[in-house]
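Chemist: As given, the protein sequences belong to chains A and B, one line each in that order.
The number in my numbering is simply the position in the first sequence, starting from 1, with 13 added.
The number in my numbering is simply the position in the second sequence, starting from 1, with 576 added.
It is worth saying that the hints were derived from the structure and are not from the lab.
Don't take every hint at face value.
Said to hold, decoys possible - Some but not every residue of chain A turned toward chain B, in silico, with C-beta under 10 Å:
#, residue
1, Cys179
2, Asp182
3, Thr195
As the structure is a computational prediction, the values presented were derived from the model and not from experiment.
Think of the CB as a built atom: it goes at the ideal place given N, C-alpha and C, for glycine as much as any other residue.
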Amino acid sequence: MRFLIPICLLVCCSVYSQKPACSCSFQSILSAGLAAGKSAAMPIFQGSAGVNFNNYFIGIGAGIDAYRYNTIPIFADLRRDFGKKNTAFLYSQAGYNIPYNNESVHNIFGATRITDKFGGGLYLDAGIGYRIHLKGSHRLLLSTGYSYKKLSNNVTYSYRCITAPCGEDRYYYEYSLGRIITKISWEFNKRRMAD
Amino acid sequence: MKPITKIAALTLAILPVIFSSCVKDSCKKMHTYSYFVPVYKTKDEVKANIRSNSPKEVAYPGKIYIRGNYIFLNEINKGIHVIDNSNPSQPVNIAFIDIPGTLDLAVKGNTLYADMYTDLVAIDITNPGTVVLKKLVENIFPHRYYGGGFLGSNAQDIIIDWVRKDTTVMESCDNPRGIFNMDGRVFLSTANNTSPASSLGSGTLNSGGQGGSMARFTLIRDRLYILSGADIDVFNVSNEHSPTLSGTTTVTWDIETIYPFLDKLFIGARNGMYIYDVSNPDVPVQAGKFAHVRVCDPVIADNTYAYVTLRSGSECQGFTNQLDILQLNNLSNPSLLKSYKLKNPHGLSKDDNTLFICDGADGLKVYNASDVNNLQLLDHVSGMDTYDVIAYNKVALVVAKDGLYQYDYTNTSSLKLLSKISINKQ
């Protein structure tokens, strides 16, 4: 995943540097929404950037996902526009979500030490949306879809005793979280490369 | 807004409501718990093995005693490492004396005394490479017991080790965790006793050698004084190889450390420091007491002052972390002269006017104590979690969580690391 960002940036830069050869544009999408699942409804925020050509958008993005456990999804973003004036679109995002700000170490009465560590996992989001054209190159997107995130959690209970070694409980959790995601997005083009 | 836009917006808003009940969160949970199974040997087998066996790596260091060129380092509940310290820059671990259940030690002449669960052993260490068990006194420490009140399946056998067993089971994610999910299991620690595990090191000067400030065994002339439960047990060791119980004096529960000076015993307890007069060696008599808040408090003393470190946390409770210096002009009523704030002080040692304090994770601190009203920090060795220190003959022996350090303090403003014996917990 570490190589994805520079590669995509390179792709974007190369698109900028190329002479106009197709109906391409550099496009950014900023989204805010709600992830609703069995456990809760929590806010999400995303940003994607990429290239739009021949009704396809391909880009990369990152976000903040607070559903159950805080994660930062990093993903590839693929979209297909269709309909009159491209008012409808399908989107799919696939990547990896990185846990953040979940880890903790605390003691209970100095007798038990609890260590909480999280591991990342697969991130998927796919759905359908509707585009409302605003002024100039700005558009408002409404979308809904199914999202899935996977992550793991290692919890260790270390019990204090008078002399070591002391008892220990270790728990490994694997979470597979499905949600319906509704987003409202602001989409804009930086420049029209074929114009 | 165009009608199609309204329809699209409405549809997209309704879809999540309809489908949110279709999605689910799934959770798999694996629970791995550890418990310990005792390994037994008969008492005869254990006695036969109390000798100089092959050296072992230090894993869980306990109290320490220096005698001549040798360091005797307790391996908690396992035995005693014999370390040839002729060259403090290059100490050599030469042997290991297997003594299951041992936590404390003291040396008089050529005899090492150590506890073995409820028993006391006397070992001839004339030649530390080939030590010989001389006597075993049974049932001296009735307060010793295994963790969880576990007594073993056979009182004649001795637990020499615990084998860790890990078991992994799949559980429902709804099951509670940790202490709320014991399922009737019992976690057995290797042993339990009335002294905290962090009571490392010992601090007394006698004919046999020197220990640190956190000892529960100490010697004055021909008597071995041992803290056992709420009591001071007195052993007559005029015949070194044959200690005999000669007296018992009850002090209070929570007594933790004992330090001798001249004909006085300074006893650190969680609620204060006690001074006992041993003019009559078999009958210690309380000469004074200084009460303080409920914390752990190793103590050392000289002609004029007692130095008491008070620390909080876990088994010690309380919220006080400081050095108290007490005036001993009137032994029946020691008075607080001055307190110095510290982080988490443990053991301490004093050589002439140089005071060494193990300040837990804040390392080792060296003070000029020529004016007790104005201690001057001379050096601060950080980067180690220190328990106890013995300063002797210009070498400071420091027990820390990650090893046994030796520092040259010829220049008290700049301690020089001579050596480190690392701890290997596998």
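Chemist: Hint by hint, say whether it matches the structure.
Modeler: Status of each hint after checking the structure:
1. Here the hint on Cys179(A) is kept, as its CB sits about 6 Å from the closest CB of chain B, short of 10 Å.
2. Look at Asp182(A): its Cβ gets to within about 5 Å of chain B, closer than 10 Å, so that hint holds up.
3. Hint status for Thr195(A): holds, given a least beta-carbon distance of 5 Å to chain B, under 10 Å.
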